[in-house]
Structure formats: C-alpha cells, structure tokens
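Chains as they are written, first to last, in our numbering: chain A, 13 to 112; chain B, 175 to 674; chain C, 9 to 126.
It cannot be assumed that every hint is accurate.
So, partial list: chain C residues that the calculated Cβ filter (under 7 Å) puts toward chain A [what the hints assert, rightly or not]: (1) V76; (2) V77; (3) V80; (4) E81; (5) I83; (6) L85.
Sample of chain C residues with no beta-carbon within 10 Å of chain A, all distances over it, derived [as the list claims (entries may be wrong)]: (7) N34; (8) Y69; (9) D79; (10) G108.
Derived by calculation from the structure, the hints in this document are not laboratory data. Everything numeric in this text was worked out from a predicted model, so none of it was measured. In this text, a Cβ means the ideal position worked out from N, Cα and C, and glycines have one as well.
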Amino acid sequence: MVPMSYFVGLSAVLFAIGVAGVLLRRNIIVIFMSIEIMLNAVNLAFVALGRRLGSMDGQVMVFFVMTVAAAEAAVGLAIIIAVFRNRETVNADQLNLMRW
Amino acid sequence: MTQFNWSLINFAWLPILPLIVVAVGAMGVLLAGVQVDDEDSGALGILTIALLVFAAVLSLLLFGGRPSVAFSGALAAGGYTAYFDLLVLFAAAMTALMSVEYAADQGLAGAEYYALLMFAALGMMLMAAGDDLIVIFLGLETMSIAIYALAGFMRHDPRSNEAALKYFLLGAFSTGFLLYGIAFIYGATGSIKLEPIEAALSRPATDNALLLAGVGLLLIGFGFKIAAVPFHMWAPDAYEGAPTPVTAFMAVGVKAAAFAAFVRIFMVHLGPLGPQWTMVLWVMAGLTMTVGNLAALVQTNIKRMLAYSAIAHAGYILVGMTAAAAPRAGGAILYYLLGYAFTNLGAFTVVVALERRGAIHDNLADYRGLAARHPFLAAAMALFMLSLAGVPPLAGFFGKFYIFSAALDAHLLWLTIIAVINSVISAYYYLSVLIAMYVREGGVEPAALRTRPALIATLVIAAAGTVAIGLFPQPYITSAAGAFVSALGNAPHHHVVLSR
Amino acid sequence: MLLTWFPILVTLAVAALVVGGMVTINRLTGPRRPSKIKGEEFECGNPPTGQAWGRFSVHFYLTALLFVVFDVEVIFLYPWAVELRHLGMFGLVEALIFIGILTVGLVYAWQRGALDWN
Numbered sequence: 013m014v015p016m017s018y019f020v021g022l023s024a025v026l027f028a029i030g031v032a033g034v035l036l037r038r039n040i041i042v043i044f045m046s047i048e049i050m051l052n053a054v055n056l057a058f059v060a061l062g063r064r065l066g067s068m069d070g071q072v073m074v075f076f077v078m079t080v081a082a083a084e085a086a087v088g089l090a091i092i093i094a095v096f097r098n099r100e101t102v103n104a105d106q107l108n109l110m111r112w
Numbered sequence: 175m176t177q178f179n180w181s182l183i184n185f186a187w188l189p190i191l192p193l194i195v196v197a198v199g200a201m202g203v204l205l206a207g208v209q210v211d212d213e214d215s216g217a218l219g220i221l222t223i224a225l226l227v228f229a230a231v232l233s234l235l236l237f238g239g240r241p242s243v244a245f246s247g248a249l250a251a252g253g254y255t256a257y258f259d260l261l262v263l264f265a266a267a268m269t270a271l272m273s274v275e276y277a278a279d280q281g282l283a284g285a286e287y288y289a290l291l292m293f294a295a296l297g298m299m300l301m302a303a304g305d306d307l308i309v310i311f312l313g314l315e316t317m318s319i320a321i322y323a324l325a326g327f328m329r330h331d332p333r334s335n336e337a338a339l340k341y342f343l344l345g346a347f348s349t350g351f352l353l354y355g356i357a358f359i360y361g362a363t364g365s366i367k368l369e370p371i372e373a374a375l376s377r378p379a380t381d382n383a384l385l386l387a388g389v390g391l392l393l394i395g396f397g398f399k400i401a402a403v404p405f406h407m408w409a410p411d412a413y414e415g416a417p418t419p420v421t422a423f424m425a426v427g428v429k430a431a432a433f434a435a436f437v438r439i440f441m442v443h444l445g446p447l448g449p450q451w452t453m454v455l456w457v458m459a460g461l462t463m464t465v466g467n468l469a470a471l472v473q474t475n476i477k478r479m480l481a482y483s484a485i486a487h488a489g490y491i492l493v494g495m496t497a498a499a500a501p502r503a504g505g506a507i508l509y510y511l512l513g514y515a516f517t518n519l520g521a522f523t524v525v526v527a528l529e530r531r532g533a534i535h536d537n538l539a540d541y542r543g544l545a546a547r548h549p550f551l552a553a554a555m556a557l558f559m560l561s562l563a564g565v566p567p568l569a570g571f572f573g574k575f576y577i578f579s580a581a582l583d584a585h586l587l588w589l590t591i592i593a594v595i596n597s598v599i600s601a602y603y604y605l606s607v608l609i610a611m612y613v614r615e616g617g618v619e620p621a622a623l624r625t626r627p628a629l630i631a632t633l634v635i636a637a638a639g640t641v642a643i644g645l646f647p648q649p650y651i652t653s654a655a656g657a658f659v660s661a662l663g664n665a666p667h668h669h670v671v672l673s674r
Numbered sequence: 009m010l011l012t013w014f015p016i017l018v019t020l021a022v023a024a025l026v027v028g029g030m031v032t033i034n035r036l037t038g039p040r041r042p043s044k045i046k047g048e049e050f051e052c053g054n055p056p057t058g059q060a061w062g063r064f065s066v067h068f069y070l071t072a073l074l075f076v077v078f079d080v081e082v083i084f085l086y087p088w089a090v091e092l093r094h095l096g097m098f099g100l101v102e103a104l105i106f107i108g109i110l111t112v113g114l115v116y117a118w119q120r121g122a123l124d125w126n
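Just chain A, with the same shape it has in the complex:
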C-alpha cells in the first residue's frame, strides 16, 4: 500500500511544475498546458484525499474539474486562435498593446 503522503507529495510537485511553467514559459499554448497540469495535480489530490477520507465528494469534484477544464479549453483555444489570426504570434511577450 502506497502511503497517502506520496500522493499528496506528487500532487504538490505537479502543481509546482505547473505554476513554474505558467510563470516562466512565454508560449501561450505551453502556458495553457501548464495550467492543465495544475488542474490535474488538483485532481490527484482530490482523489487521494477522498480515498483516505472514504468519501465520494473528492471523486465527484474531479468529474466537475474535468468537465470545466474541457469547457475552458474550448473557449481558451478559440481565444488563442483569434489572437493568432490578428497578430500572427503566440508569444506572450509580444502581446503588449496595452501598458500602464
């Protein structure tokens, strides 16, 4: 039996990788993928904690997170395509029409 702390630890590491990806990478698609890693870290934590607590709430939450992430991806990718059509770039640093 794998101890609970392993799952929570793995989820924390994944979450940190996602956060680092959002903060450090400059390609919008990669930033978006990093956000998805964060959400999957959350899912892992929910499933693991739900199992330890013997309650279904964690599992149910994962379903909602997954569906919401799908809807978010649909809208997000549409926005990214609109940006690319007008600007021909997916680099976050070049999207600076508005400053201060």
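Model the placement of chains B and C on the given structure of chain A, informed by the hints.
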C-alpha cells in the same frame, strides 16, 4: 435491489426558480437569436432585460423567506442569496440596456452576446447561493467562461483579443489555486460543504497545517478574482481591451459575485479562523487600496483609470472583511457593493456614450469640454465621479462611511487611517475628469444622445440610484444588514461575535 | 473454477468465430483490385506520413472541440446510471434536463453551421 422511486415530491425547486428562469432564458435567446440579423439585435436585448427583470422579481419574492438550504445543503436560500441575486441581475440588466444601441452600432452578434451575458449572470447567482464549494466553483466557472468570451467578443479587434487572452490565462491560473485550496480544506475537514467544514474547525482531530494551507490558497484564488494586489496584473488590460459594457459588467457583476462567495466562505463559515486570515487580509487591503489609487493617478485612458479605481474599491471592501470581528461589517460590505454597482455602471455608461464604431474615444483628453457640448452627459459623469470619490451625500460616501466605522469597531485604527488617506488621494483623479469636462476645451463630439433612448434610460437609472442610496441610506443599509444576518442564520454553529 | 471462467471462454470463442468468419467471407466473395492508396495505413483520411509541422484545416479544430465538450460531459451519465434505481424519478428527470441542455448546444452549433464541412 431497491425499487425505482417514481416520486418527484422531494424536489425543492422553489429556491432555484430565478436560476431556472435565467438558464432557460439564456438558452432561448441563444436559439431564437440565430434567426435574428446582427444589425437589429435590439429586440434580443429587450427580451434579455425582460427575462432578467422577471428573475429579479422572483428573487425579490424569496428575499423575505426564512433562511434554508436546498439540494441537500448545496444551495442556501434566503436574504443573502436573494440580495446578491438582485444585485447581479440588476447589473446584468443594466449592462444589456447600455448595450442595446452599442451592440447594433458595433455590429455585435446579438444572440451570443446576450446569451453569454445571461449565462454569466447565472454563474454569479450560483456563486451567491453556493453553500457547497463544488457549487461555488461551478458558478465561478460558468461566470468566468462566459466573461472570457465576452471580453474577446470583438474578435477582429486586437485589443479585445488581448484582453480576453490575459483574462483567460490569469483566470484559469487562479482557478488552479482556488481548487487546490478547496482540495486541502476537503482533506483537512473531510467535507466539501461549508457547514460541515465549519463544524470541523472546532474538532481537535482537524489537521491544522493542511487546513491553513488550503485557506491560504483559497485567499490567493479569490485575490485574483477580485483583482486584489498583488494578484491584480490582469485587470487593467482586461478592463481596457474588453468591449465597454462588458468592462462595466466585469467591474460590477463579477466583483459582486466574487465577494458574495468570498464573504460567505470567510466571514460566515471560517469565522473561527478569523485571527489567522484577517492578518493576511489586512496587508492585502492596504496594498490594494494604495497601489490601485497611486496607479490610477497617472492614467490617461479612462477605462484603465476606472480599472485601477475598481482595484482600489476592492481594497476598501477588503477593509470591511478585515473588520469581520465587528458585527456591522457584513452589512456595510453589502451596502457598499450596492452603491458601487449603481455608480460604476453609470460611469461606464458615459464611456459607452462617447464611443462609436471605429472611434473608441476612451482617452481622458476626449472628455475635454464635454460640459459645453453635452451638459447632461457631463453632469451625469460628474455625479458618478463624485460618488466614487466618496463625496456626501452620494452612495459612495455612505458606503465608505459604514465600512470605515466597522473597521474602527474592530479596532483597525491604522488600516482605517490608510483607507482615509487613500480616499483623499483618489479624489485627485476623479476630480481631474471633472476639470477636463468643465474647465478644459477641445475633446470629441459624441453621437447625439437623442437617438439612443436606452442609453439615456441607463444613465437616469444609475444616477437616480446613486443619489437615492446616498440620500436615504437607511432602508438599504437595513436590508443589507438583514441579508448578511440571514446568511449567518444558515450556519447553525455560528459564533455571532467572532473571537479575536 | 472452470465454471467461473466458462462464460469468458464462450465470449472469446464467439468473438474469434465472428471475426474469423467475416474475414473469411470477405476473402472468398469480395472483388480484389489493389491500388497504392488502398495499400496505405488508414489515418482517418489524412496522409499517414509527412512533415511533423504540417498544418491542419481549422475545420478539424471546430469538430474536435465539439467532440471534446460533448464527450467529456457524458462522464456524468456513468455515476448516474449506477445510481439510477436509488435516485428514482428525480434522477431520471435530472438526467433528461442535462441531456436536454446538451441538445440545445448541439442544435445551436448545427444552426450556426458548425457541423457543415464546407
């Protein structure tokens, strides 16, 4: 094997009737609108407003109802939910009203625009009603996804694209923090519903480190949503680039809904942890007010200035939350949000009035000499600026007054001093709009108001509210305080006077 | 022991029989005119080899998004199906509303022409 249960009797649908109206209405507008030409989307706007008003009337009927829970504790019904339902429905209806001529002029796709507006309102109502972190999360996302699309609604305008993209990336990023916070709180307390979470706080077995980590992550998530410093970076860009009516809705509706959930979770249910989280909020409130106001001073674009002003106002509301130990803090926050809604919707309506297809006119310089050409528009803008600055007897003044008094009740002397200094600083940039309109000359000639009755109606309603809520604050502060107490009524374990 | 696994054995046998039968009948009765294109691996109509950075038509994107959204929403039906007896009429109505809302989305996409390839 259990018998199939054919009964429908236990279905408590009454508390969600306003939600059903908005949801069905949004889908109806979406399907009906596909047949309608974009250039005459005005009819869809009127239909949307009618549906929102109908839902608001239903919420009003539920306002006085006894606090109760529906859907096995997932949704709370009662004064608090109804108060915020009315607030966001009002904000959505006003946004639709100010959009009627704007959408036709800009050639926006009416069906999608108004349907998204209603879906966003639906999410906001869910956030206000959620007594369960799943429901609050679902409401938040229903609202956010609709608003992402609305912010990028002018898909051939690079500024609108950029606003949507930044709002989306930062919004999704903050959702991650919020969810991780929920996961930790769930792990520590064993529940995802707010009442059992509150009950678990007093159990010695509760894992405190996990719990506090969760509360901290939740604070970060909400900090992003209300654009509190240091999580505010997205707000100025998103506000500036989004279509102006959408900016108004973001500044008023999204903020109200985020605070509805924020206040319910923290002030109503996490009260026993007050000593821990108020410390963080103290710093956040001070930073948010100061950074928001100082940055607003140097803006030359009015939408960007109002964005920083919105950040600063979130800071004032955070002062109210920091004062959670004071019994009247909750009512003060709810009253503040009401006055702020009328004032801010009005201010953005003036910005909409100056806009025209292909000519945005959202620089401060465009407002020069407005008083000579459009005395009515200039007078309305002056009224809203004075209310935002907190000049008596307008709504903005009493909002600040109640919040600052609550802060003093909670012995937050230094934070109150910071807030008052900030109010004085903010007067500078609000008054500079007045000076541009009344003293300077030049600027732009907006399209005639005569041809835009819906815009005039929006301005009149906003101005009347700004004055009425300020001149006669008593009924409003009473219902605000009553609404907050009804949320406490939903929480059986609540300690009315929080320990400090 | 044998009795426990017997149904699986039967399943395997039936599967082998059906698949083998189909392949054999096809071989015996079908016309055979091989060509270069027919000999390639089937990749849903796309050329199976080429540059890794090839560009896709944006049509694929729209269809894929519609698929993802409807596909993922269906996960709610699994727990619902397991608990149907317990949830009773309430659950049935609830699931019908859920499917109805998805249908509204589909009808909208249809009306807007998102399902037309050209």
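Minimum Cβ distance from I83 (chain C) to chain A below 7 Å?
-> Check passed: Cβ of I83 (chain C) comes within 6 Å of chain A, closer than 7 Å.
Consistency of the no-contact label for N34 (chain C), given chain A and a CB cut of 10 Å = holds, 39 Å
Beyond 10 Å from every chain A Cβ - status for Y69 (chain C) = Label violated. Min Cβ-Cβ 7 Å, cutoff 10 Å.
Hint check: is the beta carbon of L85 (chain C) less than 7 Å from a beta carbon of chain A?
-> Check failed: Cβ of L85 (chain C) comes no nearer than 11 Å to chain A, outside 7 Å.
Does G108 (chain C) sit more than 10 Å from chain A, CB to CB?
-> With a cut-off of 10 Å, G108 (chain C) remains clear of chain A, as the shortest Cβ separation is near 17 Å.
Hey, is D79 (chain C) genuinely clear of chain A, shortest beta carbon separation above 10 Å?
-> violated, 8 Å
Holds or violated: is there a CB of chain A closer than 7 Å to the CB of V76 (chain C)?
-> holds, 5 Å
Does the interface hint hold: is V77 (chain C) within less than 7 Å of chain A, judged Cβ to Cβ?
-> holds, 6 Å
Taking the least C-beta to C-beta distance, is V80 (chain C) closer than 7 Å to chain A?
-> Holds - the Cβ of V80 (chain C) comes within 7 Å of chain A, reaching about 4 Å at its closest.
Close enough to count: is the Cβ of E81 (chain C) nearer than 7 Å to one in chain A?
-> Holds - the Cβ of E81 (chain C) comes within 7 Å of chain A, reaching about 6 Å at its closest.
Checked against the numbered hints listed earlier, the structure breaks hints 6, 8 and 9; every other hint is satisfied.
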